[in-house]
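Participant: Starting from the given sequences, assemble the full structure and let the hints guide the process.
Spelled out from the first residue to the last, the chains are:
There are 2 protein chains.
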Amino acid sequence: MAGSDLPKVLAFDVFGTVVDWRTSITAESADFLARIGRADLDPATFTDNWRRRYLTGMAAYAKSGRDFTILDVLHREMLDETLTDAGVDPATLDDALLQHWTFAWRRLAPWPDSVEGLTRLKGRFPIVTLSNGNIALMLEMARRDGLPWDAIMGAEVTRAYKPDPRAYLGTAKILGLSPQEVCLVAAHHSDLAAARACGLKTAFVSRPMEYGGRPAPDAKLAQDWEWSADSLIDLAEKLGC
Amino acid sequence: MAGSDLPKVLAFDVFGTVVDWRTSITAESADFLARIGRADLDPATFTDNWRRRYLTGMAAYAKSGRDFTILDVLHREMLDETLTDAGVDPATLDDALLQHWTFAWRRLAPWPDSVEGLTRLKGRFPIVTLSNGNIALMLEMARRDGLPWDAIMGAEVTRAYKPDPRAYLGTAKILGLSPQEVCLVAAHHSDLAAARACGLKTAFVSRPMEYGGRPAPDAKLAQDWEWSADSLIDLAEKLGC
Numbered sequence: 004m005a006g007s008d009l010p011k012v013l014a015f016d017v018f019g020t021v022v023d024w025r026t027s028i029t030a031e032s033a034d035f036l037a038r039i040g041r042a043d044l045d046p047a048t049f050t051d052n053w054r055r056r057y058l059t060g061m062a063a064y065a066k067s068g069r070d071f072t073i074l075d076v077l078h079r080e081m082l083d084e085t086l087t088d089a090g091v092d093p094a095t096l097d098d099a100l101l102q103h104w105t106f107a108w109r110r111l112a113p114w115p116d117s118v119e120g121l122t123r124l125k126g127r128f129p130i131v132t133l134s135n136g137n138i139a140l141m142l143e144m145a146r147r148d149g150l151p152w153d154a155i156m157g158a159e160v161t162r163a164y165k166p167d168p169r170a171y172l173g174t175a176k177i178l179g180l181s182p183q184e185v186c187l188v189a190a191h192h193s194d195l196a197a198a199r200a201c202g203l204k205t206a207f208v209s210r211p212m213e214y215g216g217r218p219a220p221d222a223k224l225a226q227d228w229e230w231s232a233d234s235l236i237d238l239a240e241k242l243g244c
Numbered sequence: 004m005a006g007s008d009l010p011k012v013l014a015f016d017v018f019g020t021v022v023d024w025r026t027s028i029t030a031e032s033a034d035f036l037a038r039i040g041r042a043d044l045d046p047a048t049f050t051d052n053w054r055r056r057y058l059t060g061m062a063a064y065a066k067s068g069r070d071f072t073i074l075d076v077l078h079r080e081m082l083d084e085t086l087t088d089a090g091v092d093p094a095t096l097d098d099a100l101l102q103h104w105t106f107a108w109r110r111l112a113p114w115p116d117s118v119e120g121l122t123r124l125k126g127r128f129p130i131v132t133l134s135n136g137n138i139a140l141m142l143e144m145a146r147r148d149g150l151p152w153d154a155i156m157g158a159e160v161t162r163a164y165k166p167d168p169r170a171y172l173g174t175a176k177i178l179g180l181s182p183q184e185v186c187l188v189a190a191h192h193s194d195l196a197a198a199r200a201c202g203l204k205t206a207f208v209s210r211p212m213e214y215g216g217r218p219a220p221d222a223k224l225a226q227d228w229e230w231s232a233d234s235l236i237d238l239a240e241k242l243g244c
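Sequence order for the protein chains is A and B.
When we follow the working numbering, the leftmost residue of the first sequence carries the number 4, and every step to the right adds one.
When we follow the working numbering, the leftmost residue of the second sequence carries the number 4, and every step to the right adds one.
Check the hints yourself; a few may be wrong.
Any copy will do: because identical chains look the same in the list, a pair fits if it lies in one copy or spans two.
[Said to hold, decoys possible] Straight line, CA to CA, 30 Å or less: simulated DSSO-like cross-link-like pairs of lysine-lysine:
hint, residue 1, residue 2
1, K125, K66
2, K176, K66
3, K241, K176
4, K241, K223
What the hints contain is simulated information worked out from the structure, not anything from laboratory work.
Facilitator: Shown next, in the form of structure tokens:
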């Protein structure tokens, strides 16, 4: 693609694209399940169920009419529901433990290429988050993992959750850019499709282990994205960084 | 001060505290005034008049009832007014030139100690902006100057301009912290006084050249702040960084 078609800012999905939520949440959930005496529950299944509630909740959020509520709070509500579904009454558990478990989403480890890839991309492009994670969550994660964001943007700044168009269009507007001057970088075809419908450029990063090796739920939404890479280092090379 | 009293996050005023607006705006305004054929106007006086409009505008903003409008837009309005006061009709000038002049506020140079001081402070504390500058402005400035913010916060995120209490309290809330867990770092007693009234901790950084060596307009508001330093490097040493 010609240099004139390069975006002015790269905006990143984070959960799954930059960090490996499933490995981190499974490991922490194994510990928490043991602490509440439920080591019989499979932590990977528990994690997948928790994440499934998130995906469903985000897709339905705009239509729900609910006032904007930060993801830390939603993650806690979804944890309580996931526990209830597993036969555990969260009201019987220590609130501080549940809060610490919820904040496992702030402690996700990056994919091995993420820090190097982001650092290289940052040399040429401003790199911002366009994530549904709230600012405090993203800030703690960035400091733990060394993710060198230029700015933390996304849901809390626009007060809209992806795939709501306001999340994408609001981020471009705040940056003072037209949608086509912003490129969403994401491992999820559903996210990229929503961004493209708003006029953003799109870069796909393949993360075959996001669901433990099983197909992603949005695999059928694949399109011919402007860029496609196997890692953030590969994306940096493809963008001339 | 005992370690237990240390803040959890350092939130920075930027204009005057981290960057030297007067030197940068005066130099750019000298060039722009020459380009519009008004090299007879003193660029430092022009700059001081522009900044005075800002200080007045911010102090009155909450009571004005105006919807939140980003600082890039307000800076442009204030430029037009400053030109009018100087006997120049901005309607006769090229709009692109006026926009470029306005964006001089994105191109301010840091004080000599700022990058090293912030980098050291960041080793121990999350460092965020708590500035009236909008996100796009702060993002461009940070990349030009190498200011290593963990997050860009402040007016646009809280939709309130300092010294409105909502700017300080909203920033703490978004961080998930109580006001006393956040320390405002600023060169301005007026800003620190407003932050203290909201319960934030306060750190004063002396910038005797902010007004070209003349006293700051809020000099009489000096108090005994929790910390007081001659530079951001000095502050880093006082906070054990």
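Participant: Hint by hint, say whether it matches the structure.
Facilitator: Each hint, compared with the structure:
1. K125 to K66: neither (36 Å within a copy, 40 Å between copies)
2. K176 to K66: both (23 Å within a copy, 26 Å between copies)
3. K241 to K176: Within. Shortest intra-copy distance 26 Å satisfies the 30 Å Cα cut-off; inter-copy 40 Å does not.
4. K241 to K223: within (25 Å within a copy, 57 Å between copies)
Violated hint: 1 only; the structure is consistent with all others.
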